[in-house]
Amino acid sequence: MNAVPFTGGRTLMIRAAAVGAVGLLATAAGGALDTRRALYAYLAAFVYWAGIAGAAMVFLMANEAAGSKWYIVVRRLLESLPTAFTVLAVLFIPIAVGAGQIFPWVNPGAAGHPPIQPWAHGEGELAIHLWEHRHPWMNLPFFLFRAVLYFGIWIGVATLMRRWSLAQDAGGGVETKQKMRKLGAGGLPFVALAITFAAFDWQMSLSAFLFSTIFGVYWFAGSLVAAIAMLILAAAAASQVEPLKSAVNPNHVHSLGKYLFAFTAFWAYIAFSQYLLIWIANLPEEVPWYLVRTDSGWKGVGIFLALFQFVLPFLILMPRERKRTWKPLVIMSLWILAVHYVDIYWVVMPGLSPAGPRPSWMDLTAFLGVGGACVAWVVGRLRGHPILPASDPYLAESLHYEPHQ
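First residue of the sequence shown: 1, per my numbering; consecutive thereafter.
It cannot be assumed that every hint is accurate.
[Stated by the list, open to error] Below, in silico cross-link-like pairs of lysine to aspartate or glutamate (EDC-like), each with a Cα-Cα straight-line distance of 16 Å or less:
(1) 69 - 397
(2) 258 - 321
(3) 179 - 169
[To be verified] Cβ-Cβ distance ranges computed for the label pairs, FRET-style:
(4) 132 - 258: 45 to 51 Å
(5) 28 - 250: 31 to 37 Å
(6) 107 - 149: 30 to 36 Å
(7) 190 - 311: 57 to 63 Å
(8) 100 - 213: 26 to 32 Å
(9) 213 - 29: 36 to 42 Å
(10) 385 - 213: 38 to 44 Å
(11) 245 - 100: 47 to 53 Å
(12) 299 - 22: 20 to 26 Å
(13) 245 - 364: 49 to 55 Å
(14) 197 - 132: 17 to 23 Å
(15) 297 - 148: 34 to 40 Å
Source of the hints: derived by calculation from the structure; they are not laboratory data.
As the structure is a prediction and not an experimental result, all values here were calculated from the model.
Heads up, the beta-carbon is just placed ideally off N, CA and C, and yes, glycines get one too.
Please model the entire structure based on the sequences and the hints provided.
Here it is, written out as structure tokens:
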């Protein structure tokens, strides 16, 4: 097969880098006007893109651990997505520096942090008590140490998976494949735990009134749907030219579509499970988190997510033929990437504005800033290497992939 280095994507990389630079600079300028608003916009954007990188890593490792053959033709695209953690580690610096403006546990009771329910009495005192109780875990030095640990795990695994994959092109097909499979199986629990605790630290800790062990799965589930959508967009674009034009067949497209469909339902299941468990338990430490999202201006956003992050994609993707052609999958992937940001916004922003959404131009600049930097980095990592793993021992089976009926 064709092992010529990939030289495309130069225009995309340059434009993404330019958009990223402008977006980050504009957000920094907005921070001079309203620091806290800019930091919340930045946090939402950061969580969005970091979630996609983490979910893509889990998807890659799970396929390697299972010995999957179907995805080999698009593996180089998938394994490039987690490399974004290198640039995300640098982009985490504003969150670390501005933590006191974002997270109420840094300075409980500070005037800048509104209570989760401004109309409720006594919850400010309860929140302060909860933060004091959790201080051994929720303190800034330990928070930063954990962030370093998370990025160390993610960058280390992403680097090894990518390095061993590229080593196949030099003739180390079987040996490196065994290494990738072992790391996929052995490293998966550590990557998953890092994602779970990062969800607790970066999102759940915005409120004192939520304790949910399923919260990390909620972030992962939504991010996985978005990561598959991102892979579909990349594969659809790359398959317009050789070598992927000849390598990707309708069965590969169908498998990507089935994953997008299945994990859309999985996100809805996790979201409903978390809500149901908290609603049944009716604990005063947990219920306020949902009350602010159902009994305020955020209620409409929650209804929007139920209808347009689950019901609409589920119904559109249900017919088999829509999962076997690029056009409907590309359209739904773009839609899912958009509504996933609304989901992240619904989780993060009530910590800033409990009464309801308060959109700002900084939401857009932060999203484009972080996203542009990540896209430019990922495309840059793709360039200069074969986009098809020509020496992978499963490539021949992947090229002729036909799922069992």
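How the hints compare with the structure:
1. Between residue 69 and residue 397 the alpha-carbon distance is near 7 Å, which keeps this suggested pair within the 16 Å criterion.
2. Restraint check for residue 258 and residue 321: satisfied, since their Cα atoms lie roughly 11 Å apart, inside the 16 Å limit.
3. Our distance criterion of 16 Å between C-alpha atoms is met by residue 179 and residue 169, whose separation comes to about 15 Å.
4. For residue 132 paired with residue 258, a C-beta distance near 48 Å keeps the hint of 45 to 51 Å intact.
5. For the hinted restraint 31 to 37 Å between residue 28 and residue 250, the CB-CB distance of approximately 46 Å leaves it violated.
6. As the Cβ distance of residue 107 to residue 149 is approximately 24 Å, the hint placing it in 30 to 36 Å is violated.
7. About 35 Å separates the C-beta atoms of residue 190 and residue 311, a value inconsistent with the hinted range of 57 to 63 Å.
8. At about 27 Å, the beta-carbon gap between residue 100 and residue 213 stays in the expected band of 26 to 32 Å.
9. Evaluation of the 36 to 42 Å hint for residue 213 and residue 29 yields a pass: the beta carbon distance comes to about 40 Å.
10. Separated by about 40 Å at the C-beta atoms, residue 385 and residue 213 satisfy the suggested range of 38 to 44 Å.
11. At roughly 52 Å, the beta-carbon separation of residue 245 and residue 100 lies within the given 47 to 53 Å, and the hint holds.
12. A beta carbon spacing of about 35 Å between residue 299 and residue 22 contradicts the range 20 to 26 Å that was offered as a hint.
13. Roughly 35 Å separates the CB atoms of residue 245 and residue 364, a value that falls outside the hinted 49 to 55 Å.
14. Checked against the hint of 17 to 23 Å, the C-beta distance between residue 197 and residue 132 comes to roughly 21 Å, which is consistent with it.
15. A hinted range of 34 to 40 Å for the beta carbons of residue 297 and residue 148 is consistent with their spacing of about 37 Å.
This entry does not satisfy hints 5, 6, 7, 12 and 13, going by the numbered hints stated previously.
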